[in-house]
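Each protein sequence line maps, in turn, to chains A and B. Numbering-wise (our numbering), the first sequence opens with residue 1 and increments by one. Numbering-wise (our numbering), the second sequence opens with residue 1 and increments by one.
Honestly, the hints are just simulated from the structure, not real lab data. Treat the hints with care, as some may be off.
[What the hints assert, rightly or not] Derived pair list, reagent style DSSO-like, types lysine-lysine, alpha-carbon separation capped at 30 angstroms:
1. A:Lys56 - A:Lys42
2. B:Lys57 - A:Lys99
3. B:Lys9 - A:Lys99
4. B:Lys14 - B:Lys44
5. A:Lys2 - B:Lys44
6. B:Lys14 - A:Lys70
Residues per chain, in single letters:
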Amino acid sequence: QKEVEQDPGPLSVPEGAIVSLNCTYSNSAFQYFMWYRQYSRKGPELLMYTYSSGNKEDGRFTAQVDKSSKYISLFIRDSQPSDSATYLCAMMTGQGAQKLVFGQGTRLTINP
Amino acid sequence: NAGVTQTPKFRILKIGQSMTLQCTQDMNHNYMYWYRQDPGMGLKLIYYSVGAGITDKGEVPNGYNVSRSTTEDFPLRLELAAPSQTSVYFCASSYSNDPEQYFGPGTRLTVT
């Protein structure tokens, strides 16, 4: 079993739709839950992260963590064509060196 | 600040050849990392460093070597290249007390 599982998609939605992206994980020691966005042929860039459980909102983006279910989500409201990218969830324990464990990534396309 | 820079951008190697992927950061980050990303997959940690002179193995270190003689530079050495090392290689850096890792633009390597 992989430590972090993410549906690779692809996911295609119309502009303005609400997008839901999800990951599950098996390591209960994970404390930091990150969402990275990666445009084609570019390096990943951090979108947002959450420490432990709960929700975090940043503009049109909301990250949720449910540690009891080992399930995290990223919601994108009022999706825009510029949101088209691969979204990678990543996690770390936060102890010692900050070794990230990534999901496979979900390729998202927002259609105008 | 240039952030994290990587050279070369692209490289084709023949089986058995060797090369060094260069990574430099100008943010005075003490932690640095090397990841590889295979097509349609997430990133996997190859090696990491928590400071000059200190390196350690990640999830997939076989076939690679690293050194860290300065805070700024973290080169990745491939010895005896194999087709399984065809991938995109990303270097990243971070502060020890900040979970955000900053990624370079990547090096696309093909081994034939």
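Which numbered hints are broken by the structure, listed smallest first?
6
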